[in-house]
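Visitor: Residue numbers (this note's numbering), protein chains in the order written: chain A, 1 to 330; chain B, 1001 to 1330; chain C, 2001 to 2254; chain D, 3001 to 3254.
What the hints contain is simulated information worked out from the structure, not anything from laboratory work. Some clues are possibly wrong.
To be verified - With a straight-line Cα cutoff of 16 angstroms, these simulated EDC-like cross-link-like pairs (lysine to aspartate or glutamate) come out:
1) D:K3122 x B:E1116
2) C:K2122 x A:E116
3) A:K315 x A:E270
4) A:K29 x A:D228
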Amino acid sequence: MPCFEVGDSSPIPSLPERISRKGDPPVSKLTSMREAIAELVHDGDSVAIEGFTHLICFAAGHEIIRQRKRDLVLCRLTPDLIYDQMVAAGCARKLIFSYLGNPGVGSLHAIRRAVEKEVPKPLELEEYTHFGMVARYIAGAAGLPFYPVRTFAGSDLPRVNPLIRQVEDPYGGGTVFVVPPLHPDVTIIHAQRADAAGNAQIWGLIGVQVEAAFAAQRVIVVAEEIVDEAIIRADPNRTVIPALIVDAVVHEPFGAHPSYAQGYYDRDTETYIAWDTISREHETLMQWLDEWVYGLSGRAEYVEKLGSQVWQRLKPGDAWSGQVNYGRYC
Amino acid sequence: MPCFEVGDSSPIPSLPERISRKGDPPVSKLTSMREAIAELVHDGDSVAIEGFTHLICFAAGHEIIRQRKRDLVLCRLTPDLIYDQMVAAGCARKLIFSYLGNPGVGSLHAIRRAVEKEVPKPLELEEYTHFGMVARYIAGAAGLPFYPVRTFAGSDLPRVNPLIRQVEDPYGGGTVFVVPPLHPDVTIIHAQRADAAGNAQIWGLIGVQVEAAFAAQRVIVVAEEIVDEAIIRADPNRTVIPALIVDAVVHEPFGAHPSYAQGYYDRDTETYIAWDTISREHETLMQWLDEWVYGLSGRAEYVEKLGSQVWQRLKPGDAWSGQVNYGRYC
Amino acid sequence: MNDYTASEMMIVAAARALADAKVVFVGIGLPNIACNLAQRTVAPHLALIYESGVYGARPSRLPLSIGDPCLVSGAIGVMPMPQLLQYYLQRGLIDVGFLGSAQIDRYGNLNTTVIGDYRRPKVRLPGSGGACEIALMCRRVLIITRLSRRTFVERLDFVTSPGFLEGGEARIRLGCCGEGPAAVITDMGIFRFDNVTREMFLASLYPGCTVEDVQERVSWPLRIADELEIITPPTEGELRILRQELDPAGRLRM
Amino acid sequence: MNDYTASEMMIVAAARALADAKVVFVGIGLPNIACNLAQRTVAPHLALIYESGVYGARPSRLPLSIGDPCLVSGAIGVMPMPQLLQYYLQRGLIDVGFLGSAQIDRYGNLNTTVIGDYRRPKVRLPGSGGACEIALMCRRVLIITRLSRRTFVERLDFVTSPGFLEGGEARIRLGCCGEGPAAVITDMGIFRFDNVTREMFLASLYPGCTVEDVQERVSWPLRIADELEIITPPTEGELRILRQELDPAGRLRM
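Given these sequences and hints, build the entire structure.
Guide: In structure tokens, the structure reads:
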């Protein structure tokens, strides 16, 4: 029985090369999206572009499509439009997921076509619940061989997914389900701000981004703003990703659209609703990809093509956090 | 074999009464320290006054001593001065812990006297590593029957603590150590600020406070400042404890001294160093308790007795966090 | 105001079911509207929790998704998903969870995964998302779904989220912390579950609906309460809030 | 500047051992001074991690405790302990951990728990704290302790933190992610560990110290490197930083 698939590395991760490669905090890792994807995402890799509704890095997904990466294992709780597009473009061979829908709208038609009709090609599914996926990332981030959860009991999911197993509680409480660690080859994190070394801060929904990053072999941080390290150090409790685990930093304003960045721009629900029509036929979807992905050089052109009226519509009002005093101790 | 001791409740916590008692967020739970301890801490209870160096609620510990609570099972990673004082005062029958020292200074003499010489009475020890204790709190907070950790291997601790057990990794990685959940009867959390319902925000070291609170049956929040709910809602990512799990809220400025509150007052290292002398003999320690605990009505008198010079010495300079924009969406 | 749609009645019934709830796990779509209506009527202090990581949301608009930014600004707390799923949901702190379903059987088991065979599905549905853990861990589960023989089936093609399994004590033997489905709120009436057999029975009807209407849309022979309650129609107050604040576009009136 | 104390030499030797380290788990006391000295000399980009939950600290003063507020203000990140212990330490991201000990045996196993019997101890020591997981999970462990026959014992009263256990392959069979002790830095010289037997051997001496001085303070017959290195004494620069910035009170000179 294959107990570790692509995306699962050995239960005891040893990361000597990572530390020596990434360890120097002051080194700038700033690069372009094109270079980051070219260097760090390879055909056949397992890839996690996470973010629960919030901060989904569409800019990275589009660049992967443009560079015609193939045979990827795509990991995400909710594949969302971004993986629907990547599957339609033929980038993926497999999905590891927990909810296959366009939230509040309906189906993800491209993924359904791949599963039900093998268009443009077959797509393997490895399925969990949200909590099951979250637990796989936790185990990956924590360097644990498995993670116990009280979900799955009574469900048919363990019957169709042999990676969901059980262990006996040594304190007499019966059996409990467990999942194995998920170690994506690459995790791509979108953040509101980061410094050039990759220390990143997020506010609003954090989802499972921290776990997905620590679980991964390589991490790309994409940020709305690149800030001085002093901004990060002024509020260390806000830091979610340390430079220590980051391989590349990309400055890509509006890189999450039609997902959103709290405080920067709103979720573009119109695009999510429109996708239902665009994606119903493979041909119209491919036309959309031609126009909005293949036909553009990158996110800057996408932002321009979308036009200022859209950005105006998506601009939120202000709601400031207030600030706290950490104190100066000397 | 007793697999659940005091402080361990059933592996599936059902908390119907808790929800109905604490659920209404807008209800004020403000009370005095005296009433909170009298109502919520009972003889024989397991009690966690957590906070890793930071935000240790000495005010609550002193009130427990004043009210002459008995037979408590005291849970804390580092018993620190506060449990040394409570043990000397005869409040405790057992410690669940992982590091028994006065950090950077030396021994905790009262606890050593209890263990080595049964003065003033015997003290049972249940011992873990830091990570083991943290894992017990995580299991408690998460409603899990056990929690896996890669520590303990090769150590003698599992030999002397039968609650540290092993399970077999169902993915073929060998055995892994586990600890059972810790469910304190009461957890006392000190925070920089909270609203009257108990929603609490902390910055600086958070330690294991969140886990200790969610693991507990009852929670007392003690805060340096009581703020309007709007302050909490302005920065929701800063919230660590929700009113949902809080039974009482106490406003107790300087309640953590000689521990500290980041941005409010410094750790009083002089007191930590002086404790080494005070606590070397049971008699001098009891005289100190007479003067600083039994002889005072509460924290307000302690603050006054300590004197403005000390508070001036402990006052930090300013180091503001800056603020972030959450955005107004309507 | 006397004319209202079946959808409106369904939402109102769902909101009323939250009268004694303190903490609710909010789903998107109908449950979202019901929770917001409850907060404005029977349960003013209802704390809304979203699995995206939000506690104590005060949405200023009706969000399309459970991860909408309007749920974050002004919330009491926002946290990583591991914390919400483990410390709130798995810890047993949530009163009520709402679920919908593509298929439901008489024991309240739900299928949102596939129609047909799992490996070669006729229709690939979204899957569990958080439904399985909500079904297992919330103290009570309210199911909202419209009546139809395609939905109310003899046998599920796939069990995504367990209700009472094969009935009787089966769920208790699972050892999960939630008590299971409390009601199925449909567009014609409300089902509850027998305390012993755990089979659902028709407990109440909306005004103007009959037992026959319901039976026609359920694949198994219905069990019916001895005293079938007739639900009070939506009040003017309920309809006003629903139409003016929560459904200004009138989608529930279509 | 030619006169320096054994304590100063020991700190300087420990700091130099961090020359190629990127991320160090900082303990309190001597390790704390050594890490700060390394950051100012051989390892300017050294990231300091404290198990209290701090990453990338820039302490403005020498803290008495690893939870001091000066470690928080101006740090890169501050996080709950579960995150630091699991995602950094257990995940294998930390290069070097420092440990002290009350007892150490020839395989680098450490005892900080009890002298005497565990149930009826002659002396109750602090216990593990984070030492056991640091010993298991940091890639390399540096042990700092003063030489004495009470410390360097034939057999530990209690194994708090495993080194190479009974030597040879024993540690590898544990399956932990760290490689084990790399060196024992004392006040007279430095021990390293044989690659096969995993027994410690005297690898270098400080100027003016002899093998006999060391043997006198170790309970077992010493193994000694074929070519015993003599450590370069503290440089003027090292001593200046140590005395002016890190130990102005002169505690290391006593």
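Visitor: Compare the structure with each hint and give your call.
Guide: Outcome of the hint check:
Taking the CA atoms of K3122 of chain D and E1116 of chain B, the gap is near 7 angstroms; set against the 16 angstroms cutoff, the hint holds. Using a Cα cut-off of 16 angstroms, the hinted pair K2122 of chain C and E116 of chain A holds, with the two alpha carbons roughly 7 angstroms apart. Distance restraint check for K315 of chain A and E270 of chain A: the Cα-Cα separation of roughly 14 angstroms lies within the 16 angstroms cut-off, and the hinted pair is therefore satisfied. Of the pairs offered as hints, the one joining K29 of chain A and D228 of chain A holds, with about 13 angstroms between alpha carbons and a cut-off of 16 angstroms not exceeded.
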